[in-house]
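*Asks:* Based on the provided sequences and hints, a complete structural model is requested.
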Amino acid sequence: MNSLKKRRFLIRLFVLTVLACVLLTAGWKLLNEGKTHKLEAGEKAPDFVLEDIQSGEEFKLSELKGKGVLVNFWATYCEPCKQEMPVFEEAAPTYEKQNVIFAAISADQSSLVINRFRDHYDLSFPLLKDNGNQVMEAYGVDALPATFFIRADGTLSRTVYGPLQTEKLEKYLDEIVP
Amino acid sequence: MRQCPVCKKEKQQSEECCSQCEEQQRNWDMRYDGAIRKSQQQKKTIIDTIWRFFSSVRNGMYILIVTLLATALGTILPQRAYIPPGTIPEEFYASQYGLFGRLYHYFRFDMLYSSWWYMTLLGLLGASILISSIDRFFPLYRALKKQPIKRHVSFLRHQKYIRELDVQAPALLVKEMTDKRYRVRQDGEDFLAEKNRFARWGPYVNHIGLLFILTAAFLRLFPFFYQDSFLWIRDEEIAVVPNTNQSLFIKNERFLVDTYNADDPKFREAIKLEGRTIPKSFTTDISIFQTEKHVAGDMADLDLLLQTQVGVNHPVKAAGYTIYQSGYQLNELSSLTFRAINEAGQAADITIDTKNPDTEYQLENGLRAVLVDYYPDYQLDGDKVITVSKFPRNPAFVLEITDGEHTESVFAALDEVVSETGSNRYNISAVDFETHHVTGLSVKRDRTLPVFLLGGIIFMIGLIQGLYWQHRRLWLHKQQDGTYLLAGHTNKHTSSFEKEADRMLDNYRKGGEY
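Respectively, the protein sequence lines represent chains A and B. First residue of the first sequence? That's 1 in the UniProt record's numbering, and the numbers climb one at a time after it. First residue of the second sequence? That's 1 in the UniProt record's numbering, and the numbers climb one at a time after it.
Anything over 12 Å on all C-beta distances counts as not near chain B; from chain A, calculated:
#1 SER55
#2 GLY66
#3 PRO93
#4 THR94
#5 GLU96
#6 ARG158
#7 GLY162
#8 GLU170
#9 GLU175
Not the full set, but computed from the structure, chain B residues with beta-carbon under 10 Å of chain A:
#10 GLY297
#11 PRO357
#12 ASP377
Which stretches of chain B does chain A cover? Using the computed rule of at least three CB atoms under 8 Å from a CB of chain A, they are:
#13 46 to 55
#14 126 to 137
#15 241 to 250
Bear in mind the hints are in silico, worked out from the structure with no lab data behind them. Ideal Cβ placement from N, Cα and C applies to all residues, glycine included.
*Replies:* This is the structure we're talking about:
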């Protein structure tokens, strides 16, 4: 009789636990509904190939193995992006010597707009133009700006969706120095 | 004052027992053949308390009623998914439905079916259905599976249908029963005739169907089972379908819209009333591309899967997805043409592409233009010109035009040309433009439909099983004095059961003649 009671208790506990898990999963899924899949630190950074606006050369992430890469998504019409650009420009030459490449992928449609922006801010690092938002989609970016810090082995060290805290930039960059 | 021996309440002196308890004592609760449901025994732990809550049909009904009311509430105004694409929900509800709409939006009833509390209600309903079924099915199954043929006299005497009989040849009565498709079993001199026991499982089968339907609703939360994305694609552009792991691409070859003719007297009034052109039909010629191991940004590795046309109410199925035509934007500017007149009075045109404009232009009248800056969707922010998007909805250009001697800098848009020196020496003005359209496609995948269908079928089977058959039992017991006691029970439609039993007795008495 006692073992029967125990079994009944265990069955009830099991059924209720399963139900609670289903409900929690549903709740968690609902909280994240409508949001694109975000990348997380430790994941492999999706490969991409885009044309460098200035040089016209192909810029392929997977060819930069062995180097740290900072990938920034921006657009000329995005205000917070404009504030980040001079900060990147200031850091880029120093870190380039330490094998960290900067790449800024623009959501703009027109190369002219991007080139004018480059002239205005006097930027020296590669500016790329996204191809029909493909790379943005691959990185789960639905709002600009977004910044990704990629280690030399191609994994993500940090993902920043939204404006970067510029005072932390150097700390984040030091983490991806090979 | 004396106490009732059953409910322990004080009772009036004239009665032996209070009438309610007497009723209870006379007729046994036959739902589970007199067995007590396990959850109704004394509660012990928190698990048991929760179990008891969900096993209660009354609580289940409360949950069901609240769920139904909530579901109804969500149908009063259109859900957010069904408002015109591109509108801002807050403004839409306020402008269309006033204060009520504003409140409806404020309380998030416009997204009711995916709200956490609605999902919680469905979860509670599922728990109630599952637990109350488990709690009832197993004792009933056990009771019916192991039911003895010989029953205690008190059990038989508590049945609603009781007949005292003088039966000489029970075999003939049994034959009457088997003729009515009863399954008769014998134990000593007692008989148990039973038919349609499977009707008792109807409600449980029905509940399994409901659980399938709730499971399907749950599965919709997973992208593998359900995906719904909306794409804006400009003419001649390729877009990646989100959340497909970059495996599906759609190219808008050409978007076509046909509008009702505003000059047609049949439609003139209606179009004037609407205040805008009304589309008759719109379709998109699309190419669908599929890839494996796509490198984002690369266009060379796309394989053409299908070239087709998608129109309103004519969706296209491809690569496990269904593509619907569900919106459009008209008249984005694809190019602008400006006219400039030189000193000699000769006019010449410059056409500037809005997607990928050139930087330098040589005009036929000897003038040269340099595109200094470009704002695809310009707006004035104080005294500064900014672009609010990358789409050429309202493009503006900063041009420097020179004849070698005089250089003129102008800000040129479709509706205005402002000369920075104030002179507009070359009389620049916009003379022409070309437009392109944007198609709105909705790409969906729903793998939960078979689960919904299966649930619905099981639900109906359970319903039919439980409604159109009745579980009927007759006990024939030989008493000590040699007479027989016939007791009967059915789970529904007592009167037709009693008629059937009486007719069998009649037939027996007539010796099998009808």
